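A.B. asks: Here are the chains, one letter per residue:
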Amino acid sequence: MNRRDFKIISEWIKKESTVLDLGCGDSTLLNYLVASKDINGYGLEKDIEKVQESIKKDISVIQADFNVGLEQYFENNFFDYAIMTQALQENKNPDRIILEMLRVAKEGIVTFPNMGFWKNRFQLGFLGRMPISKSLPNNWFDTPNIHLCTFEDFERLCRDLKIKIIEKKVLNNSYSTNFFLKLFPNLFGEIALYRFEKTN
Amino acid sequence: MENKFDKKSVGIVVPKTAEIKHSLSLDCGKVLEKFSLVFETYGKLNKEKSNAILICHALSGDHHAAGYHSNDDKKPGWWDSCIGPGKPFDTNKFFIVSLNNLGGCMGSTGPNTTNIETGIEYGPDFPIVTVNDWVNSQKLLADFLEIEKWACVVGGSLGGMQALQWAISYPDKIKNSIIVAAAAKLSAQNIAFNEVARQAIITDPEFHDGHYNKFGVIPKRGLSIARMLGHITYLSDDSMRQKFGRDLREGKLHFGYDVDFQVESYLRYQAQAFVDRFDANTYLLMTKALDYFDPAKDHGGELFKAFKNTESKFLVISFTSDWRFSPAKSHEIVKALLKARKNVSYAEIEANQGHDAFLMPIPHYFNVLRNFMENL
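Protein chains in written order, with numbering that gives the first Met the number 0: chain A, 0 to 199; chain B, 0 to 375.
Hints are computed from structural coordinates only; laboratory data are not their basis. As the structure is a computational prediction, the values presented were derived from the model and not from experiment. Ideal placement from N, C-alpha and C gives every residue a C-beta, glycine not left out. There could be a bad hint or two in this list.
Restricting the straight-line Cα-Cα distance to at most 27 Å, the calculated cross-link-like pairs of lysine-lysine (BS3-like) are [stated by the list, open to error]:
1. A:K45 - B:K251
2. B:K184 - A:K105
3. B:K307 - A:K56
4. B:K74 - A:K197
5. A:K13 - B:K213
6. B:K7 - A:K55
7. B:K341 - A:K55
8. A:K105 - B:K148
9. A:K49 - B:K341
10. B:K334 - A:K36
11. A:K49 - B:K213
12. B:K338 - A:K55
13. A:K56 - B:K334
14. A:K56 - B:K48
15. B:K148 - B:K251
16. A:K49 - B:K148
17. B:K307 - B:K341
18. A:K45 - B:K341
19. A:K13 - B:K334
20. A:K55 - B:K148
21. B:K307 - A:K13
22. A:K55 - B:K172
23. B:K174 - A:K49
24. A:K105 - B:K334
25. A:K56 - B:K7
26. B:K92 - A:K56
27. B:K334 - A:K49
28. A:K56 - B:K184
29. B:K307 - A:K14
30. B:K174 - A:K36
31. A:K36 - B:K43
32. A:K105 - B:K213
33. B:K338 - A:K49
34. B:K48 - A:K55
35. B:K341 - A:K14
36. A:K55 - B:K92
Derived coverage of chain B by chain A (criterion: at least 3 residues anywhere in the stretch with Cβ under 8 Å from a Cβ of chain A; other residues may be distant) [as the list claims (entries may be wrong)]:
37. 92–98
38. 223–232
39. 299–311
Chain A with its partners taken away, still in its complex shape (with noise of 0.2 Å):
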């Protein structure tokens, strides 16, 4: 397992801590952390093939949509980190997403891709047409991201939710980093890591 994104959120986190995946899909994400960090993991998913792929990687998960699953199973301040990857533009409500994981944890951790990476503006602004990346891979007819967002627009969010961004990690779709990409980030970056909690 070589994944930037995997290491970066390893990186992140603290060992034996208490961890919650939302869409955590066969749970590869937390059987990584489970081997580099020892942590406690527990995964949301919702599709059931996925599923038994968790449970036979030994990962506690429970099916359910995460929409509901949040706040039909989780307490207050259970988890130590709420990680959500690449699911944050699949959502009816993100916002609310958001705050329901700084609810159930201290701390949340989000990756999504930037529509605000020069390729996409170029499709948009150029060529008139809806983007397609490595990163944004489906037409605008059968992509299952209805709320896409650049960097800046996530970090406006928030601003207005009274978040504090702790740690941010930009990289291009091989999950690696460059010297333009760090000079102009909403720009070059592709995929961006999150890592905020509440302020008081």
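Starting from the known structure of chain A, fit chain B onto it as the hints suggest.
C.D. replies: Below, chain B alone, put in the same frame as chain A:
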């Protein structure tokens, strides 16, 4: 005897009897000085005795969970699809124990056995036992078999309640608990169904206050109606529509009260088959055990507190069309286990068979069981 059955069957099995010479104090206050439990085993107990699995049966179940009693048997045990070589409860790997519960009618001490103190059949005087009593009796069976710790206790419906109670009563004697289509307590609606079933039996003129055997009769009308009612609640509207629709048995209406529709014929057949094999007093007792189950009761109604000392890992499974033990009842269990910070997984299986789904070889359901068992 040779196994003439397919390779995935455990083949011919012979029930055994455990004479438990240890007294058992029941929740009702009575004490059984000794009792017998009939059981079957499948697979081999390993040297470390670490591969033992206990199967708990539901309302009308018994010890015969897998395989056949003779070459002439038409049907295998009630959970044969799940138990055997290469099946989710793999007999190549596990030693599986399945018993007839105390108060049952298939050979274990119960209403239709003789009370050694009086020399006459217990009948209605057999004490009402609870899920907790069953688990205590099963612990004595584990001692009898010299099994220190179960790798897993598993059950569906009323059996799931026993798997849950095991984790609560004997936290260090059970490593895993699988709770299928169960509930931490019955709803009023569910108790109501049980009460109608009981009233059907009790008001049958041939019930004789439970002493029907003395009169050489059985309350078959009451028991039939109880079973028909139960059966309807174990199916879903959808599955009944698919299975029977409004199909007529003989292609025309008779303008009378005999069977017109296929569904009527089915219910009557099921009821008759049940009356031939099941005891009315046992049925009454089993429904009471269902009604009384409520492990949260001793913890101020807070289920998560009942789970506080549990050490086992849990797998909870429900079925979408099950309205007798609906997914919402499983959610309660999962929520409380999470609140108690226990290791739990939950699968909600898409199925249209209603409560009966827990006995069906539904691929997603079996994959979940199989994958969970692989990690034991």
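A.B. asks: Now tell me if each hint is right for this structure.
C.D. replies: Here's how the hints hold up against the structure:
1. A:K45 - B:K251: violated (47 Å)
2. B:K184 - A:K105: violated (33 Å)
3. B:K307 - A:K56: holds (26 Å)
4. B:K74 - A:K197: Roughly 61 Å separates the two Cα atoms, so the pair is violated.
5. A:K13 - B:K213: violated (71 Å)
6. B:K7 - A:K55: Holds. K7 of chain B to K55 of chain A sits at ~22 Å (cutoff 27 Å).
7. B:K341 - A:K55: holds (18 Å)
8. A:K105 - B:K148: violated (38 Å)
9. A:K49 - B:K341: Holds. K49 of chain A to K341 of chain B sits at ~21 Å (cutoff 27 Å).
10. B:K334 - A:K36: The hint holds at about 26 Å.
11. A:K49 - B:K213: violated (57 Å)
12. B:K338 - A:K55: holds (24 Å)
13. A:K56 - B:K334: The given pair, whose Cα atoms are some 22 Å apart, holds under the 27 Å limit.
14. A:K56 - B:K48: Since the Cα atoms of K56 of chain A and K48 of chain B sit roughly 25 Å apart, the hinted pair holds (cutoff 27 Å).
15. B:K148 - B:K251: Violated, because 59 Å separates the two Cα atoms, which is more than 27 Å.
16. A:K49 - B:K148: violated (31 Å)
17. B:K307 - B:K341: holds (9 Å)
18. A:K45 - B:K341: holds (20 Å)
19. A:K13 - B:K334: Roughly 26 Å between the alpha carbons, so the hint for K13 of chain A and K334 of chain B holds.
20. A:K55 - B:K148: holds (23 Å)
21. B:K307 - A:K13: holds (26 Å)
22. A:K55 - B:K172: holds (24 Å)
23. B:K174 - A:K49: Answer holds: K174 of chain B to K49 of chain A is near 24 Å, not above 27 Å.
24. A:K105 - B:K334: Answer holds: K105 of chain A to K334 of chain B is near 20 Å, not above 27 Å.
25. A:K56 - B:K7: holds (26 Å)
26. B:K92 - A:K56: holds (19 Å)
27. B:K334 - A:K49: holds (21 Å)
28. A:K56 - B:K184: Given pair K56 of chain A, K184 of chain B is violated - Cα atoms ~31 Å apart, limit 27 Å.
29. B:K307 - A:K14: Distance of about 24 Å is within 27 Å: holds.
30. B:K174 - A:K36: holds (24 Å)
31. A:K36 - B:K43: violated (38 Å)
32. A:K105 - B:K213: violated (68 Å)
33. B:K338 - A:K49: Within the cut-off at roughly 24 Å; holds.
34. B:K48 - A:K55: Holds, because 24 Å separates the two Cα atoms, which is no more than 27 Å.
35. B:K341 - A:K14: The hint holds at about 19 Å.
36. A:K55 - B:K92: The given pair, whose Cα atoms are some 17 Å apart, holds under the 27 Å limit.
37. 92–98: violated (count 0)
38. 223–232: violated (count 0)
39. 299–311: violated (count 0)
Consistency note: the structure conflicts with the earlier hints numbered 1, 2, 4, 5, 8, 11, 15, 16, 28, 31, 32, 37, 38, 39.
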